[in-house]
Amino acid sequence: MALAKRIIPCLDVDAGRVVKGVRFVDIRDAGDPVAVAREYDRAGADEITFLDITASHQGRETIVEVVEAVASEVFIPLTVGGGVREIADVRRLLNAGADKVAINTAAVHHPEFVAEAAERFGSQCIVVAVDAKRVADVDGEPRWAVFTHGGRRETGLDAVDWARHMAGLGAGEILLTSMDRDGTREGFDCALTRAVSEATGVPVIASGGVGSLQHLVDGVLEGRADAVLAASIFHFGEYSIAEAKAYMAEHGIEVRR
Amino acid sequence: MASTVVVDYGMGNLRSMAKALEHAGAGDVRVTDDAETIAAADRVVFPGQGAARDCMSALHAHELVDVLGESMVRKPFLGACMGMQVLLAWSEENGGIDLLGRFPGRIRHFRHHFTAKDTGLKVPHMGWNRVRQTTSHPLWAGIDDGEWFYFVHSYYAEPDEDALVLGRTDYGGPFASVLGRGNIFATQFHPEKSHDAGVRLLANFVRWDGAA
Numbered sequence: 001m002a003l004a005k006r007i008i009p010c011l012d013v014d015a016g017r018v019v020k021g022v023r024f025v026d027i028r029d030a031g032d033p034v035a036v037a038r039e040y041d042r043a044g045a046d047e048i049t050f051l052d053i054t055a056s057h058q059g060r061e062t063i064v065e066v067v068e069a070v071a072s073e074v075f076i077p078l079t080v081g082g083g084v085r086e087i088a089d090v091r092r093l094l095n096a097g098a099d100k101v102a103i104n105t106a107a108v109h110h111p112e113f114v115a116e117a118a119e120r121f122g123s124q125c126i127v128v129a130v131d132a133k134r135v136a137d138v139d140g141e142p143r144w145a146v147f148t149h150g151g152r153r154e155t156g157l158d159a160v161d162w163a164r165h166m167a168g169l170g171a172g173e174i175l176l177t178s179m180d181r182d183g184t185r186e187g188f189d190c191a192l193t194r195a196v197s198e199a200t201g202v203p204v205i206a207s208g209g210v211g212s213l214q215h216l217v218d219g220v221l222e223g224r225a226d227a228v229l230a231a232s233i234f235h236f237g238e239y240s241i242a243e244a245k246a247y248m249a250e251h252g253i254e255v256r257r
Numbered sequence: 258m259a260s261t262v263v264v265d266y267g268m269g270n271l272r273s274m275a276k277a278l279e280h281a282g283a284g285d286v287r288v289t290d291d292a293e294t295i296a297a298a299d300r301v302v303f304p305g306q307g308a309a310r311d312c313m314s315a316l317h318a319h320e321l322v323d324v325l326g327e328s329m330v331r332k333p334f335l336g337a338c339m340g341m342q343v344l345l346a347w348s349e350e351n352g353g354i355d356l357l358g359r360f361p362g363r364i365r366h367f368r369h370h371f372t373a374k375d376t377g378l379k380v381p382h383m384g385w386n387r388v389r390q391t392t393s394h395p396l397w398a399g400i401d402d403g404e405w406f407y408f409v410h411s412y413y414a415e416p417d418e419d420a421l422v423l424g425r426t427d428y429g430g431p432f433a434s435v436l437g438r439g440n441i442f443a444t445q446f447h448p449e450k451s452h453d454a455g456v457r458l459l460a461n462f463v464r465w466d467g468a469a
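As they're listed, the protein sequences go chains A and B.
Numbering of the first sequence is given in my numbering, commencing with residue 1 and proceeding in unit increments.
Numbering of the second sequence is given in my numbering, commencing with residue 258 and proceeding in unit increments.
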């Protein structure tokens, strides 16, 4: 008996609408974040993550409205990421009903922002998102670097050291995305996930590359992830959350059912 | 209609708690830091998150210590997360801090709870874990023994009396995840984030007369 490993569906939201299509059930409006979140809640998701990909500054307020609407009806944890740059952004999202806020690029530019946010609001609600890509081995050991801007800009930071540093500054959780695997459906980068999970004392969410239920199991058993995040395999109805949990349970992983 | 207040002392978002209580059939729910409103309410929900020191200074700054003390004597009172922890006497967080002292005992960091075999366990204890009900209670009505609830915390309660423990959870060994006595019921987990089981607990609370 132990803490359950979590399954977290991730929804991309642009100007208040879920994008990239969610087709896992018959909901009247697959772009409505509240309807989609309600369905995932009913389906047994352990948390929901919203990634705000709104480009325009004016559109950014819409995510706050989305969080307010979802938090009024869905009583599981909500994480929101994307464009979180200032303390005021964190406060707005938490007040709207987000349980956790994910900080990505701003953490790279201003690491002290993570410390300040954790000090102000508590580590439990501060997630640092780390986008990592494999780089040249050092002494035969694999290495990953932190990238920003959707994997286009290398920071020169070592991903494992960076995650450890972020946890030290007060991040309560690391959302770790392999930019090599993201969108490939080849599975998580388990070596990366394991390296980060073992280097940091905080929970690690594995992300990027899920194409099958076995990948979820690998992320936990090989990658030592505390939670697994996936988008397309759930959104397109290939697998339900219940099927994923049944499969994980068959492989000896504790899940909430 | 009976009224329920959610005590707002600036420690975290209370919207989810208020909405979950409404969803649970609480009727008149107010989020407030006003001592008179709290004094007049039929039942009190005391949430909270963040650091112990900040919570205690916020309670003093909002002049809520006395009215909370009175509420804890008489009314159905539900503490959640930090709202449970501050009921004890002392926390080692922030270099040691006195709490409200309603229950004898202290708050300690999980590192003291773990043994050598628990090195892989992460702190915070974050996610869904089971609660074993150590005694029957009106607030457990309709909730399975061993049901899953959502937790996020780095410190845990060590009450001096076993009789205060209403539920236990295993994380590197069992710890007290639910405390209570008389009209007080307090959970380390977040009922407002614990899906149907959490809403059921809140529904039980808003129907509870405060008798254990």
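Please note: incorrect hints may appear among the correct ones.
Computed footprint of chain A on chain B; a stretch qualifies when at least three of its residues, placed anywhere within it, have a C-beta under 8 Å from a C-beta of chain A [claimed, not checked]: (1) 284-297; (2) 392-401; (3) 414-424.
Computed from the model, here is a short list of chain A residues facing chain B with C-beta under 10 Å [unchecked claim]: (4) Glu68; (5) Ser72; (6) Asn95; (7) Pro203; (8) Asp218; (9) Glu222; (10) Arg224; (11) Ala249; (12) Gly252; (13) Val255; (14) Arg257.
Below, a list of computed lysine to any residue pairs in the SDA-like style, where the Cα atoms sit at most 20 Å apart [to be verified]: (15) Lys374(B) with Leu221(A); (16) Lys276(B) with Ala199(A); (17) Lys374(B) with Lys20(A); (18) Lys20(A) with Gly150(A); (19) Lys374(B) with Glu254(A); (20) Lys276(B) with Arg91(A); (21) Lys276(B) with Glu65(A); (22) Lys276(B) with Ala35(A); (23) Lys276(B) with Glu68(A); (24) Lys374(B) with Ala2(A); (25) Lys276(B) with Gly201(A); (26) Lys374(B) with Asp14(A); (27) Lys374(B) with Arg194(A).
Bear in mind the hints are in silico, worked out from the structure with no lab data behind them.
Glycine included, every Cβ here is placed at the ideal spot set by N, Cα and C.
Check your understanding: Looking at the structure, which of the earlier hints fail to hold?
Key -> Hints 1, 2, 3, 8, 9, 11, 12, 16, 17, 25 and 26 are the ones this structure does not satisfy, whereas the remaining hints hold.
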